[in-house]
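Novice: Residue numbers (the numbering used here), protein chains in the order written: chain A, 1 to 63; chain B, 1 to 190.
Don't take each hint at face value.
What the hints assert, rightly or not - Restricting the straight-line Cα-Cα distance to at most 27 Å, the calculated cross-link-like pairs of lysine-lysine (DSS-like) are: (1) A/K30 - B/K60; (2) A/K27 - B/K32; (3) B/K100 - A/K27.
As the list claims (entries may be wrong) - Distance ranges between label pairs, derived from CB positions: (4) B/I74 - A/Q26: 21 to 31 Å; (5) B/S97 - A/Q26: 18 to 28 Å; (6) A/S3 - B/T19: 29 to 39 Å; (7) A/L24 - B/D158: 49 to 59 Å; (8) A/K27 - B/L54: 15 to 25 Å; (9) B/D161 - A/I20: 45 to 55 Å; (10) A/P2 - B/V174: 34 to 44 Å.
I should point out that these hints are in silico values taken from the structure, not numbers from a laboratory. We put the beta carbon where it would ideally sit given N, CA and C, even for glycine.
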Amino acid sequence: MPSIIVAILLFVGLGAIFAIGFYLNQKTPKPEGCENLLADCEGCRLATCPHHPHHKEGEKENA
Amino acid sequence: MELLSMALAAILINNVVLTQFLGICPFLGVSKSAKSAVGMGLAVIFVIFGASLLTFALYKLVLVPFGIEYMQLISFILVIAAFVQFTEMFIKKYSASLYKSLGIYLPLITTNCVVLFVAQDNITQNYNLIETIVNSISVPAGFMLVLVLFSCLRERLDSADTTSSWKGNPVALVVAALMALAFSGLAGIV
Chain A
1 MPSIIVAILL FVGLGAIFAI GFYLNQKTPK PEGCENLLAD CEGCRLATCP HHPHHKEGEK
61 ENA
Chain B
1 MELLSMALAA ILINNVVLTQ FLGICPFLGV SKSAKSAVGM GLAVIFVIFG ASLLTFALYK
61 LVLVPFGIEY MQLISFILVI AAFVQFTEMF IKKYSASLYK SLGIYLPLIT TNCVVLFVAQ
121 DNITQNYNLI ETIVNSISVP AGFMLVLVLF SCLRERLDSA DTTSSWKGNP VALVVAALMA
181 LAFSGLAGIV
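Using the sequences and the hints, build the whole thing.
Specialist: Right, here's the structure in full:
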């Protein structure tokens with residue numbers, strides 16, 4: 001089998017595994033008492049991280 | 001003996017945070033309290049160990065035999081991201097107490113560059129399986145050691161009398177630099 005085909009299959013396969021894992025993880029309910037857990041994180045420069053404090057500020061403004 | 005010196009070097013001398021400046025995001029973000037630092041450290045050890053074994057197997061069993069080593073970076077990123085998702089799901093389902101202490105830190109680890117560094121380092125250094133296992137435990141152990149030490153220092157810094165412009169990250173970075181200097185003094189032990 002040509003190596004380029006293997007590379008494409010590998011990429012698609014790993015991407016699919018990640019997508020399935022992400023979907024199943026989102027569907028799995030959190031254990032009791034853990035619904036509103038918040039990371040004790042002050043935040044770094046990675047503003048896209050879901051734990052970044054600026055998301056919490058945005059939620060407060062929307063509420 | 002060689003494995004022991006390799007582990008000691010990874011923990012104390014070539015510490016990823018203090019010498020390579022990797023994992024600075026959780027180092028500054030999750031070092032506010034010692035409790036969260038321990039939780040983050042344990043989660044990092046578990047994820048790096050698991051992800052390194054998976055990426056090692058992927059490289060040796062798929063990438064090398066098919067001659068597609070150029071896929072190393074993208075495939076390692078996908079393996080790490082998928083591993084974190086499945087680990088979080090497993091912990092959510094089977095251990096509420098573990099999820100309470102570690103679960104919140106798992107999504108943060110996906111963006112921790114130390115995980116990718118260890119996976120890549122095992123390949124570029126041409127480690128065998130035993131060396132990979134030792135490296136995959138000792139590097140995150142060094143990360144956890146520095147994170148916990150730094151969190152203890154930051155708890156003290158909060159009550160220290162510093163000027164307002166120095167409070168928070170500025171003084172924390174100065175302390176981190178002093179820690180790096182202190183750790184560089186251990187260079188001769190191995």
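Novice: Taking the hints in turn, state whether each one holds.
Specialist: So, going through the hints one by one against the coordinates:
Distance hint between A/K30 and B/K60 is unfulfilled; the C-alpha atoms sit about 36 Å from each other, more than 27 Å. For the proposed pair A/K27 and B/K32, the alpha carbon gap of about 31 Å is over 27 Å, so the pair is violated. Between B/K100 and A/K27, the direct Cα distance comes to roughly 18 Å. Compliance with the 27 Å bound is thereby established for this hinted pair. The given range of 21 to 31 Å is respected by B/I74 and A/Q26, whose C-beta atoms sit roughly 23 Å from each other.
A beta carbon spacing of about 22 Å between B/S97 and A/Q26 agrees with the range 18 to 28 Å that was offered as a hint. The supplied range of 29 to 39 Å is met by A/S3 and B/T19, whose beta-carbon atoms lie about 37 Å from each other. Between A/L24 and B/D158, the C-beta spacing of about 40 Å breaks the proposed range 49 to 59 Å. Evaluation of the 15 to 25 Å hint for A/K27 and B/L54 yields a pass: the beta carbon distance comes to about 23 Å.
Remark: the range hint 45 to 55 Å for B/D161 to A/I20 is upheld by a beta-carbon distance near 53 Å. Between A/P2 and B/V174 the CB atoms are about 55 Å apart, so this pair departs from the stated range of 34 to 44 Å.
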